[in-house]
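**Q** Following the hints, complete the assembly by docking chain B onto the known chain A.
The chain contents come next:
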Amino acid sequence: MTPMIDVVFLLLIFFVWTASFQIVERQLPSHLDPPSAPAGTTSEVDLDQQDFDAVVVKIDWQADAPQWRLNGAQVSSLEMVRDRLTIIAGIRQEISVIIDPTAAVPLEHVIRAYDTGRSIGFSDIRFATTD
Amino acid sequence: MRLPVRDPSVGLGFNMTPMIDVVFLLIIFFLVSSHLARRENQLELPLPLAATGQEISDDQTRRLTLNVLDDGELLLAGRTVLPHQLAEELLQRGRSEPADLELRIRASRHVAYGAVSPILLDAARAGIWNVHFAVFDEE
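Sequences listed follow chains A and B, in order. Residue numbers are given in numbering that gives the first Met the number 0: position 108 of the first sequence equals residue 107, and the series is strictly consecutive. Residue numbers are given in numbering that gives the first Met the number 0: position 4 of the second sequence equals residue 3, and the series is strictly consecutive.
Chain A on its own, in the form it takes in the complex:
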């Protein structure tokens, strides 16, 4: 029996070693095109124009910290952005949220903003890109 027990212990150690150190990975779905638009198109939006069809969350990167702007108004932290967006969602849930980070913003903060919008319940969140 001894060699078999040796091998079984070896297998046991192998499985314990491989199983425990992996962090579960999840995914955030995002739809690049609104379903109404034909595939393969991007729509041009003037993000500086104020309107009531979209909320623009601008993220700037200054002094190694993100600066948040909501439709042009400076907002001090992501928690404040969350509060404001929650109020907006209470009025119009179907409004588009456009996330417009500058090129220097680390992805971490962009995903946080996207995640915040998702957790509030907005269904139409888009990423702004510049050509």
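Check before you lean on any hint, since a few could be wrong.
Here's a subset of chain A near chain B, in silico, CB distances under 8 Å, partners left out [as the list claims (entries may be wrong)]:
1) Met0
2) Ile4
3) His30
4) Ala62
5) Gln66
6) Glu107
Simulated coverage check for chain B against chain A, where a stretch passes if three residues somewhere in it have a Cβ under 8 Å from a Cβ of chain A [claimed, not checked]:
7) 42 to 52
8) 70 to 76
In case anyone wonders, no lab produced these hints; they're calculated from the structure. Quick reminder that beta carbons are idealized off the backbone N, C-alpha and C, glycines included.
**A** Only chain B this time, still in chain A's reference frame:
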């Protein structure tokens, strides 16, 4: 290892021990190699954190994984690609693959948005609208 002593009166016995050894060795080998094969999609990256992450579905959707490393290097299906190659590759795949082709972006949380936004633009132009960001669950 103590081998059983053959009793001449019973005849020629068959020694199973080496065969079992080899079979176990093969099992371990295949387990390890299959594990490494899966690792291609699981390159260790500091993914961004998010609270609303969904579980990765294990269905039959065609999936393309793009890793974006800390320094902005792009790895598409395990190969290094340059940004302009990526645009071509995505266009090609967008034409040849089914419409619900899923692009999974596994980007480091430290990479600048300026490196990610061209990918989104390329994907949208290629008609790949089903884009997922890989994230870790927020504690």
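**Q** I'd like to know which numbered hints this structure contradicts. Please list them from smallest to largest.
**A** Hints 1, 2, 4, 5, 8 contradicted; others consistent.
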